Each structure stands twice: as structure tokens, then as C-alpha cells.
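Engineer: Build the complex: two chains, separate frames, hints provided.
Chains as they are written, first to last, in my numbering: chain D, 1 to 268; chain C, 1 to 250.
Honestly, the hints are just simulated from the structure, not real lab data. Because the structure is a prediction, the values reported are computed rather than measured.
Listed next, the in silico BS3-like pairs over lysine-lysine satisfying Cα-Cα at most 30 Å (straight line):
#: 1; chain 1: C; residue 1: Lys165; chain 2: D; residue 2: Lys122
#: 2; chain 1: D; residue 1: Lys200; chain 2: C; residue 2: Lys165
#: 3; chain 1: D; residue 1: Lys131; chain 2: C; residue 2: Lys165
#: 4; chain 1: D; residue 1: Lys168; chain 2: C; residue 2: Lys165
#: 5; chain 1: D; residue 1: Lys122; chain 2: C; residue 2: Lys242
#: 6; chain 1: D; residue 1: Lys46; chain 2: D; residue 2: Lys200
#: 7; chain 1: C; residue 1: Lys83; chain 2: D; residue 2: Lys122
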Amino acid sequence: MATSQTKENVVQMPDAGPEIAVSARSITKNYGSVEALKNLSLEFPKGQLTSLLGPSGCGKTTLLKIIAGLLEPTSGTVEVNGHEVTGPGPDRAFVFQDFALLPWASVLRNVAFGLELRGVAKSEREGIAEKYIRDVGLAGFENSYPHELSGGMRQRVGLARALSVDAKVLLMDEPFSAVDEQTRRKFQEDLLALVQNENKTFLFVTHSIEEAVYVSDQIAILLPRPSRVSEVIRPSGFRDKGVDNIRRDPEYLDIVDRIWASLKSYVE
Amino acid sequence: MNVFGLRLPAMSSLIVWGLLWELIGRAEFTFFVPPLSEVLVTLYEVIGTPAFQKALGETAYAFTAGVAFAVLIGIPVGILMGKSRLLDELLLPWVNIFISAPLTALVPVLMVLFGFGMKSIIITTTLFAIWIIILNARAGVLQINRSLVEMARCFGASPLDAFFKIYFWAALPEILGGVRIGVIRAVKGVIIGQLLISIVGFGALFELYSANFLMAHFWAVLIVLFALAFTISEFLAWLERKVSYYAAKR
Chain D
1 MATSQTKENV VQMPDAGPEI AVSARSITKN YGSVEALKNL SLEFPKGQLT SLLGPSGCGK
61 TTLLKIIAGL LEPTSGTVEV NGHEVTGPGP DRAFVFQDFA LLPWASVLRN VAFGLELRGV
121 AKSEREGIAE KYIRDVGLAG FENSYPHELS GGMRQRVGLA RALSVDAKVL LMDEPFSAVD
181 EQTRRKFQED LLALVQNENK TFLFVTHSIE EAVYVSDQIA ILLPRPSRVS EVIRPSGFRD
241 KGVDNIRRDP EYLDIVDRIW ASLKSYVE
Chain C
1 MNVFGLRLPA MSSLIVWGLL WELIGRAEFT FFVPPLSEVL VTLYEVIGTP AFQKALGETA
61 YAFTAGVAFA VLIGIPVGIL MGKSRLLDEL LLPWVNIFIS APLTALVPVL MVLFGFGMKS
121 IIITTTLFAI WIIILNARAG VLQINRSLVE MARCFGASPL DAFFKIYFWA ALPEILGGVR
181 IGVIRAVKGV IIGQLLISIV GFGALFELYS ANFLMAHFWA VLIVLFALAF TISEFLAWLE
241 RKVSYYAAKR
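Extracted from the complex, chain C is given alone in its bound form (with noise of 0.2 Å):
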């Protein structure tokens, strides 16, 4: 964007937004929004402690964990969908009706069946993250070329072959695009995950800080969360984007 002539760098508008907090948060109109200054200073120092680092480790164990299971069985079984109309019938109401659902409040139910433990947690992730890989795998294999697939059974592609070397490609745009909504529901879920079924990683320091009134130790544990998810979240669609070349004509 360009303003009075100067050319402003991607995300500067985050510098107007800074300045109104760190405002909001001097004139102290409410205890639960210290400035952003203090915030930072709090962050600095949070992130040499030990809670911290532990915290972060199980929160990183709990989402890769999950997030891989969502990736690994999501875009096979939306190919597979799309690929074949007995599977979608089977199971596209169960993944529209998981799409829509209100997840948090399965997780009692995870936890009875799976224990208060990393389990839980990382299932709980898995099931944000899911529904929309496999929708969304579902839905670029289903937008595919039909001559791409005839061409594959023409020069003899085995249907190992036909998987590997047409439908995950040519679905490759729209299987990027929901692993980056996935991972990104997937964040939800890993801290509702650790609110809920038991109180570790972040989950528990956003309860010892928010019970304490910690309130600028909360707002930098979740400023280091947005980050994490949105760095993933850009990476992935910088990834898209390096696909999107070919997405219009497949």
C-alpha cells in the first residue's frame, strides 16, 4: 500500500494496531489489557522459563502429532472419496456433519474413551483439523480432468500409479488449501484439547495465569500461539501458492 507516496511494507497496518493497545492499555481502562510494551518485556522474560519451554514442547508434540494424523489419514481418504461414489455415500454425511459440529463439546466424551492424557489431546486435534482436509482433498480430486485420468489408463497407469502420479497431484491446490484451514482449526484443538482434558502444555498456563490475573503473561503466551499458527498458516499458503500455476488449468 502506498501512503503520501511512500510505499509501506506487508503488515504495517499491525504497527497502527500495536499503537492502539499500548494506548488503551496506559490509559488503564481495564486490568485485562496491560500495555503492549509490558506484554513484550513479560514475553521476554516467559520464554527463558522452564514452564515455558515445557509448555511449548508438549503443545508442539500434541499438535504435530495430531496435525500428522489429520494429514496422513485426511488426504488419502478424501482422494479416496472422490475418487470413488460407494465411499463418498458412506462417508460424506459423518464428514459434513463433523465439519459442523460443535467439537468441543465431544471432548468429554474422548476423554472417557481415551484418558485424561496426550491421547485425548492429540485425537482432539486430529478431529479440528480432518473434516476440512478431507472435504477439501475430496473436492480437488473431484474438480480433476477427466482426460488427465483416461490418459493415465491409457498408457497403463496401475491404480497405485494413477494415485500417486495424477489425483494427488492435480488435487495438490485444493489438498494445500485445507491443511492450511486444517492447521489453523487444529490450533483450537490442541488448546481446547489441553484445557479441557487435562492441564498441561499452554492450557495450563493460560488457567495458572488467567486465575492469577496474570493478565500480561497471558496475552504473550497467546501472542507466541497467534504467531506459531499464523507462520504455519503463511507457510503453507506460500506453499499454495507456488502450486496455483497450474490450479486453472488441470
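Next up, chain D with everything else stripped away, as it sits in the complex (with noise of 0.2 Å):
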């Protein structure tokens, strides 16, 4: 009940379109005479969840790291928040496909590590990054090795840590892929409340269509050499139902269909 309520409150945006945090302008990359993408154009709006959903191959990783500023586009230019992007920045953190913690290191210390790198001071970076464990339910591992905890918990430290330095914008590369089934629809719940709670625009690039129309403000579809966005879709009307709800909603399941649809042609 009480969910459904703060629901309500949040919902009420204006849909004359929301504010953009994240925008791609004619975004072509090449990789020698290969073009991984080309010419692609598309907007993130601020405080959303906008997935990147397409079949491998089709260049959403690259469009990823482009924006993150750890690859540079062959041509075209990426603006957040009204900055262009020359590189990796502080307005941006990022949650990799292989978590990426460093094995040597205690969770606390991975958690504070993007903190660390800023020049936090110590104390106050690991009082930081435990307020982030504990929020993402890991209290009491703060001292604990990542070979020592599962899948499923190492996202999480990764996420704790991409939390942790405060930044604007949050991209997500297949954060679930690597996790357990019923983990990942427990991932998929927590990133709900997350996008709702935190005042943060999620940038989410997944294979999986379900999880896409789940999680998502908006969907955008990428179609394969060269890249391009074929479709924007934006769900409506079951984001306010509750996550319990959402995968028997007959919009949810007309998208899965739809995408699945267009995209069936493409699976070899």
C-alpha cells in the first residue's frame, strides 16, 4: 500500500517530455572498415530507466562505453547535462557485465574505490561506502573477499560502488547476465525501487526482452549492422501497478510480443 502510494506521487510528470540528461548525436563508429554503428541518434530523459534492447552484435555495448567516455565515436558527440563528453567523468559511474571488483581488495575497500581514486579522505569514503553496503543489503560482508561471495552479491558490491560516488547517470552493461535466475528478478525489483528513490537518469543495455520491458521508462530497440535505433517504445500504463503486477499486465506482455516480433529476424 504503502509503495503504491509514493508511486503515485513520482508518476505525476508532465508529459509535455521530460528533461533530457543524456543525449547521442549522429553517433557513428567504425572499427576499421566494420561500422559498429552509424549515425544514431537518441535521447536519455533525466530520472528514467532507458534500456538499450538488441540482438549481440548490435553495437548496444559500444553505444555504452562511447557515452561513458571509454571509447570515442568516429564521429558525432554525446552531451550530458548539457556537457559534452571527452571522456570518463564524474557525472557518470558505471556497473559492469563482470562486476570488474578488484580481487585483492575487501568489499569496503571496492565499494570505496571510486572514491578513493577522487582523493576522499579515508574515513569518510568508508563511511560512505558503508551506508551503500547496507543499502544494498550486504551488511556485515564489508570485510569479505569478492572470491568469497557469489554472483549475485558481487553485482551488488559493484553497483554499491557505482552508488557510492554520487553520480548523475548510471550505465549498466548487462548487469544481470551474469547472475542466477531468481537473483536477477530480485535485482530487477531493487532496480525499480532504485530508479524510483534515487534521483538518477539509468542508462541499462540488456539481450533479455522481459527484463527490458520490466525495468523500463523507455525501450530502444537497436537493430544490427550497422546499428541503428528502429524503435523507441514507452511503456505507460503498468509501471504504477507494482512489481508484482507488472509480468501479467496485458500492456507488459503486447510489448514482449511486439519486440520479440521485430526482432526474430535477427536471431541466427
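Structural biologist: This is the structure we're talking about:
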């Protein structure tokens, strides 16, 4: 009950078009003679979760890494909150598919590592890290090492690290693809709560249609060779019906079917 | 290992080989091999002498300095080679040549370049140890998980941060492996240097003992040297095991 009330307050956004946090403008990326992305433009509304969905090899991770500043586009620009991206910056944090944790460091140091690199004093950054470790449900594991944790717990560490630097934009590269199905469902529910409670913009790469439809405010379908955005879908009806009801909502099912119909021909 | 239900402590096989040595010595097949007991008694006598202690001091000095240079230069060079394609292309052929080259043949050249003294011995030691350290540090960096590097970039790591907080630690298991083999090679280097360049340290003792057919003395010094090299190598192997928990998961 309580959750549905808070949701009502949040969903009151005017439909006139929300503010844009990240915009990619005519991005082209070539690897030698291979065109990975061609003239791709896409906008990511502030405070919402946008999924990049497409068959493998469609360049969704490439696009995410260009936005992160890890890759340079061959042409085109990315703007994050009005500033052009020239490299990685403190306004964006990244959650990696394979977690990218330091295996020689404890959970606490891993979570605080982003702050450590920014020169935040040890006691301060550990205080912040402890808060986010608690938030992602890993209290009591501060002094464990990554190899002592399950895959799901490791990704929680990766998530806590990305949250603790307090970046406005969270880039997630197939963050749940390496964890088991049950953990993945729990993660998806937690992610919905996160999008609501944190005033951040989420960019989410996934190859799972159901996952994309379940967590997204906006789904960008990318088609390969060369990649371009074929369609942008904005589910509207089921977001405020509660996490447990989404999967049997007719609109949810319709969108899943529609996306599958358009992606089907690209599956080898 | 278990023999007849008895659990034998590590390295018990040394007892067998020690006994064999003793037997061969007692049988007096050759004067080159005195009984182990005689060698050990001589060892005990020799250790207290100023000549031995001076030799130990000189050897330890040359060895420590040589290994220190090899480690302090080798690890950063190896890491940088792993990071930079250009540097790798420039240096890798030389590293590969030197790692397989008969370095002993180079020692006379070093003598001409650096004189007949400690300096040349230290450089010889370094030359014996450094190449494998470079190669291993390089291999360690090459197998680093790409996403660890991207993670560091994403969170704003400076090149120096990345070097000390990511590359060094991620390559540490390989680096330690390289240092361990390098140290074993440095033992060769320091003795060969002492024998060929200037007759000092253990090199001088070997020369003295073998020239005078003091075989018990000769073996005693050799045992000391082997024990030292073995101890250092085991210590490094222990360090390696301490970081091996993450070697497979980087």
C-alpha cells in the first residue's frame, strides 16, 4: 500500500517531455572497415531508466561505452547534462557485466574505490561506502573478499561502488546477465525501487526482452549491421501497478510480443 | 607422503639423499665427495672464520644490490611493456635475446666496461635476474581483465593510480613468480660474477678450496649457498601462495 502511494507522487511527471539527461547525436563508430554504429541518435530522459535492447553484436555495449567516455566515436557527440563528453567523468558511473571488482581488496575498499580515486579521505569514503553496502543488502560482508561472495552479491558490490560516487547517470552493461534467474528477478525489483528513490538517470544494456520491458521507462530497440535505433517504446500503463503485477499486465505482454516479433528475424 | 601408515614431514626425502651421500663418501669412491658428516663438521668450523664471513658479506651485498636493481627496474619496465604496444615492440626482441643468451660470455665485456670490481659483479647479477622478471611482469599485465582497466578509467584513475592500484596488483602473482625465478638466476649470476670478474666473496672461497682440493670446505660453502637460495625462493613461493587466491579470478 505504502509503495503504491509513493509511486503516485512520482509518476505525476508532465507528459510534455521530461528533461533530457543524456543525448547521443549522430554517433558513428567504425572499427576499421566495420561499421559498428551508424548515425545513431538517442535521448535519455532524466530520472528515468532507458534500456538499450537488441540482438548480440548490435553495438549496444559500444554505445554505452561511448557515452561512458571509454570509447571515442568516429563522429558524433554525446552530451551529459549539457556538457559534451570527452572522456570518463564524475557525472557518470559504470556497472560492469563481469563486476570488475578488485579481487585483492575487501568489499569495503571495492565500494569505496571510486571515492578513493577521487581523493576522498579514508574515514569519509568508508563511511559513505558502509552506507551503500547496507543499502544494497550486504551489511556484514564489509571485510569479505569478492571470491568469497556469490555472483549476485558481487554485482551488489559493483552497484554499491557505482552508487557511492553519486554520479547523476548510471550506466549498466548487462549487469544481471552473469547472475542466476532468482537473483536476477530480485535485482530487477530492487532496480525499480532504485530508479524511484534515487534521482538518477539509468542507461541499461540488456539482451533480455522481458527484463527490458520489466524495468524500463523507455526501451530503445537497436538493430544490427550497422546499428541504428529502429524503435523507441515507452510503456506507460503498468509502471504504477506494483512490482508483482507487471508481469501479467496485458500491456507488458503485448510489448514483449511486439519486440520479439521485430527482433525475431535477426536471430541466427 | 605416507609410508607404512606413518606421515612423513615435508622434505624427508633429503634424509635418504643425505644417507646416500654419506655412504658414497665413506666408500671413498672419489676424493671429490667426502662424507656428508665431514662436510657438516667443516661447515661448522668454516662458518666462524673471518674469511667466510667476509665472503658471505660481500656475496650478500652484491646479491642484494643486484636483485634490488633487477626488481626495481624489471617490474616497472615489464608493466610498461604490457601497457604500451610501442614500448613492447621496442624492447621485447632484446628481452627475448637476453633471456636465452649465454650471459656468462658477456661477463668479460662487462669487466672492460665497468672495471674489475663490485660494480661489475652487481651488474652481472642484475643481468641474470632481470629478463625473466620483465617477461613475467609483462605477461601478468597482458592477462589483466580489460574491464578492471576500464573500471579504473571510468572512476577517474590517473595513469599513476592505474599503475599502482590496478596494474601492479593485478599482475602481482606473475610478478612474484618472475622474481622467484629471477632470484634463483641471480644466485648463478653473483657466483659467476665473483669467479670471473674479481676473485672475491664466495667465488674466491670456491677458487681457493677447489685449487687446494679442500673438497669438504668446497661442499660446505656450496651447501650454505644452496640453502640461502632455497630459503629465499621458498619465501617468495610462500608470498606467491598468499596472492594465488585471486590469480584465477582477475
